[in-house]
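Please construct the entire structure, taking both the sequences and the accompanying hints into account.
Those protein sequences? They're chains L and E, same order as listed. In terms of this note's numbering, the first sequence is residues 104 to 422. In terms of this note's numbering, the second sequence is residues 3 to 506.
Simulated from the structure, these hints should not be mistaken for lab results. A portion of the hints provided could be inaccurate.
[What the hints assert, rightly or not] Calculated cross-link-like contacts (lysine to aspartate or glutamate; reagent style DMTMM-like; alpha-carbon spacing at most 20 Å):
#1 Lys137/E with Asp91/E
#2 Lys177/E with Glu157/L
#3 Lys114/E with Asp147/E
#4 Lys342/E with Asp332/E
#5 Lys137/E with Asp149/L
#6 Lys396/E with Asp189/L
#7 Lys177/E with Asp232/L
#8 Lys426/E with Asp149/L
#9 Lys337/E with Glu351/E
[Said to hold, decoys possible] Among the chain L residues that face chain E by a calculated CB cut under 10 Å, a handful are:
#10 Thr147
#11 Tyr158
#12 His187
#13 Leu193
#14 Phe248
[Said to hold, decoys possible] From chain E, some residues computed to sit far from chain L (all C-beta separations above 10 Å):
#15 Asp45
#16 Ser87
#17 Gln158
Even for Gly, the Cβ is constructed at its ideal location relative to N, Cα and C.
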Amino acid sequence: MASYIIRRILQWIPILVLSSILMFAVVRAMPGDAADAIAGPDATPDVVAAVRAEYGLDRPLPVQYLAWISHFVRGDFGTSYIYHTDNAALIFSRIPNSLLLAVCALVLAILIGLPAGLYAAVRGGKLGDLIVSTATAAAIATPDFWFGIVAILLFAVTLNWLPPGGLISPTDDPVQFLLSLILPSFTLALHGAAVLARFTRSAVLETLGEDYVRTARAKGISPFRVLRRHVLRNALVPIVTITGIMLGRMLGGAVVIESVFAWPGVGRLLVQSISNRDYGVVQAILVLLVFFFLLLNLVVDLLYALIDPRIRVGGSVAE
Amino acid sequence: MSLSRTLKRGLLVAGCAVALGFAATPSITLAASDLLRIGLQADLSSFDPTRLNTGTGVTTNLLYNSLIYLDAGGTPHPELAKSWSFSPDGRTLTLNLVDGVTFHDGRKMTSKDVAYSLEYAGTPAVGANILPFTKLIQQVDTPNDDTVVLHVNGSQRVIYDLLDLLYVIDSQHPKDIFTSGNGTGPYKLVSFDPGQSAEFVLYDKYWGQKPAIKRVEIKELPDAQSALAQLRAGAVDFLPTITRENAAQLAGSRFKTGIASADALGFDVGINVDKPPFDKPEVRKAVSLALDRKRIAAEIGGPGSIVKCLPWTELDKADSAGLEDSCPYDPAQAKALIAKAGATGATVEILSSGQSAPEIGTLAQVMQSSLAQIGLNARITDLAGTAFVAQFRKSQFQLTSHSYGRASRSAQALLMSAVVFWAKGNVMGVKSQSYEDDVNLVVNSPTDTPETAAAWKRIDQFMLSDNWVLPLATNPIRWASSPKLSGVAFSLDGAPNFDGAVLN
Numbered sequence: 104m105a106s107y108i109i110r111r112i113l114q115w116i117p118i119l120v121l122s123s124i125l126m127f128a129v130v131r132a133m134p135g136d137a138a139d140a141i142a143g144p145d146a147t148p149d150v151v152a153a154v155r156a157e158y159g160l161d162r163p164l165p166v167q168y169l170a171w172i173s174h175f176v177r178g179d180f181g182t183s184y185i186y187h188t189d190n191a192a193l194i195f196s197r198i199p200n201s202l203l204l205a206v207c208a209l210v211l212a213i214l215i216g217l218p219a220g221l222y223a224a225v226r227g228g229k230l231g232d233l234i235v236s237t238a239t240a241a242a243i244a245t246p247d248f249w250f251g252i253v254a255i256l257l258f259a260v261t262l263n264w265l266p267p268g269g270l271i272s273p274t275d276d277p278v279q280f281l282l283s284l285i286l287p288s289f290t291l292a293l294h295g296a297a298v299l300a301r302f303t304r305s306a307v308l309e310t311l312g313e314d315y316v317r318t319a320r321a322k323g324i325s326p327f328r329v330l331r332r333h334v335l336r337n338a339l340v341p342i343v344t345i346t347g348i349m350l351g352r353m354l355g356g357a358v359v360i361e362s363v364f365a366w367p368g369v370g371r372l373l374v375q376s377i378s379n380r381d382y383g384v385v386q387a388i389l390v391l392l393v394f395f396f397l398l399l400n401l402v403v404d405l406l407y408a409l410i411d412p413r414i415r416v417g418g419s420v421a422e
Numbered sequence: 003m004s005l006s007r008t009l010k011r012g013l014l015v016a017g018c019a020v021a022l023g024f025a026a027t028p029s030i031t032l033a034a035s036d037l038l039r040i041g042l043q044a045d046l047s048s049f050d051p052t053r054l055n056t057g058t059g060v061t062t063n064l065l066y067n068s069l070i071y072l073d074a075g076g077t078p079h080p081e082l083a084k085s086w087s088f089s090p091d092g093r094t095l096t097l098n099l100v101d102g103v104t105f106h107d108g109r110k111m112t113s114k115d116v117a118y119s120l121e122y123a124g125t126p127a128v129g130a131n132i133l134p135f136t137k138l139i140q141q142v143d144t145p146n147d148d149t150v151v152l153h154v155n156g157s158q159r160v161i162y163d164l165l166d167l168l169y170v171i172d173s174q175h176p177k178d179i180f181t182s183g184n185g186t187g188p189y190k191l192v193s194f195d196p197g198q199s200a201e202f203v204l205y206d207k208y209w210g211q212k213p214a215i216k217r218v219e220i221k222e223l224p225d226a227q228s229a230l231a232q233l234r235a236g237a238v239d240f241l242p243t244i245t246r247e248n249a250a251q252l253a254g255s256r257f258k259t260g261i262a263s264a265d266a267l268g269f270d271v272g273i274n275v276d277k278p279p280f281d282k283p284e285v286r287k288a289v290s291l292a293l294d295r296k297r298i299a300a301e302i303g304g305p306g307s308i309v310k311c312l313p314w315t316e317l318d319k320a321d322s323a324g325l326e327d328s329c330p331y332d333p334a335q336a337k338a339l340i341a342k343a344g345a346t347g348a349t350v351e352i353l354s355s356g357q358s359a360p361e362i363g364t365l366a367q368v369m370q371s372s373l374a375q376i377g378l379n380a381r382i383t384d385l386a387g388t389a390f391v392a393q394f395r396k397s398q399f400q401l402t403s404h405s406y407g408r409a410s411r412s413a414q415a416l417l418m419s420a421v422v423f424w425a426k427g428n429v430m431g432v433k434s435q436s437y438e439d440d441v442n443l444v445v446n447s448p449t450d451t452p453e454t455a456a457a458w459k460r461i462d463q464f465m466l467s468d469n470w471v472l473p474l475a476t477n478p479i480r481w482a483s484s485p486k487l488s489g490v491a492f493s494l495d496g497a498p499n500f501d502g503a504v505l506n
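Structural data, given as structure tokens:
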């Protein structure tokens, strides 16, 4: 196991190097640069050139890349062109907030999506299945921002039960902190829960038709036990895969939720920085997201072995 | 589902929240009568007052003071300069500074700080948008700590605009300007989370009349609808910028709305005179005739929008007397001109920044529809802010739906600062030695003379005949607040000032 993990981590090095080059190239290929963003449309070419020189943007791209990556690997993420603060401090002040929101949303998505999907599969083709399928289809089709705004209007403006947005520090007010998590977490979880429910339904339905399930039933094992020990366990592998992907998406892709709920997360920082062409921030966040996805993949692979003993990490499927 | 299971689930959610919730984050504190909470839709990126964009504009009057301030009538009033006088030839301006002004770190402000502020704004690499105005200052003398002597070579109107926009910064710690906000203003920065929030408290050694509000919190609320919901929910007291749609939604409610500046921003159509078919003056004239300015003011600018034919403010209209109706809406004549130029059926491109500014995107669509009526097929290329700027600066467009700033400033200031009106290096490709000479004359003459009056008339005529830029209407800056907030004042550019604000 340990050697497998070390081997996997060593494989990350070329992936991270290649992705850093790719991201640097893509970010620099965007029209306009930080000098355009800083100087604005009414600046003369001389002023734009002076701003470009001030931030070293006039140097050849390979030189800029080597300068950035050599500092990055030493933990120096540079200074933001726009915020004029240390990029590492800026990014790492947002990551815990994004992680908090993503994990809470994922927990909610699992708590809602997994039982709903299971229920729909068990009630296959009946009214319960129809209700779950319709509800999940509606949830997937509902834009996050719409649900978020409606939730704010209902629970914060009309009922005045929950804060309308922002993250309240747990040290300032633990109760308000918990309350401030509810609306953004539920809104972010909605889409994930619906996807998970549909995925679970499909995986469980497929497993329910397997011979070993029929055999278990024939042996007189209770339906609940069949579902828990034989069906769910075998259906869990694809569900874990989709859950891992969902967590990654919730961490870096919750931009709309972060905007609607004024949540200080890394997703909105990424979008703002792309808009401002704040290269150092964008590149650092993207590389960190790649790293996070690699880590998540490893965790998911390890979980496979935990769920299904037939799967051996680092080797082939056992007999 | 049993109650115990529900409880377990609730505890799991709460547990996960607590376990991960120790990130250091700014807080939303409950409202108090001495706490003003502002929701900002723009990016709260730095406290450099030379940026003067929507994001920094809200914090500028909290943290800094300018030397003078201009009222709505353009009359200068004392601020850090308690008095001033021009020499008889208008080439030397002596400013006497208020005594006992200190920066938030306790250091006394001196004339050296004023000189440094001018030098900083005039440094090209800073990218200050008042840079063109600083070029009118040839030399700065500081004979003593309380006196600044400016040797100027330009219009007094622009000099006053500069002094109104030049916020005095700390010359001792120039590198901290972006994040420390160490100014002489009524509020002192307490905390700053870049791109998220900032907190300010009343500066106890403020030199002027101390405001009634003791504490100000600003947090970014990038989504317009969410910002409105936060105002309705009582989470914020003031929104410095709202859309006209948001203002309409609040109409009839208990919340206040208003116009911070009716004319700080202006809509225009830019026409690249180097790109066919717009190299033909009659095609440019046809575009002007095809645009219904009154409708654009009503439908895009909304209530309070002022129809424009020439870009000048009410204060500068004297020189344009008789030209008010020089931009008629006449699509039939426009169509005839297009046909005469042989351009009927031509495909043209409109460059727009509608991804960043929805109203600019709407203007592009109105243009598209208007041009279709006169026989031109228009395509819209809609870009986000920086991508638009890059393409715009390189003149990579035929037509552009655009918005210019400084529209509420003096005509000379507008000619110097808004790229679409520049006499030299204009991205629309317009070149005219006569126009350049006239612009130089009105910008560099200390006061109005018969020569400058004649030059203004020629400038007006040239704009109306050459049609490289078509001012259309102003784009009012709107605000909204809770009913308990009153007394907020606004600069000519629409930036709020809370010195006289009260929360009841």
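Now the hints, each set against the structure:
no., hint, result
1, Lys137/E with Asp91/E, "19 Å, holds"
2, Lys177/E with Glu157/L, "13 Å, holds"
3, Lys114/E with Asp147/E, "7 Å, holds"
4, Lys342/E with Asp332/E, "16 Å, holds"
5, Lys137/E with Asp149/L, "14 Å, holds"
6, Lys396/E with Asp189/L, "32 Å, violated"
7, Lys177/E with Asp232/L, "63 Å, violated"
8, Lys426/E with Asp149/L, "13 Å, holds"
9, Lys337/E with Glu351/E, "18 Å, holds"
10, Thr147, "6 Å, holds"
11, Tyr158, "9 Å, holds"
12, His187, "4 Å, holds"
13, Leu193, "6 Å, holds"
14, Phe248, "7 Å, holds"
15, Asp45, "6 Å, violated"
16, Ser87, "32 Å, holds"
17, Gln158, "22 Å, holds"
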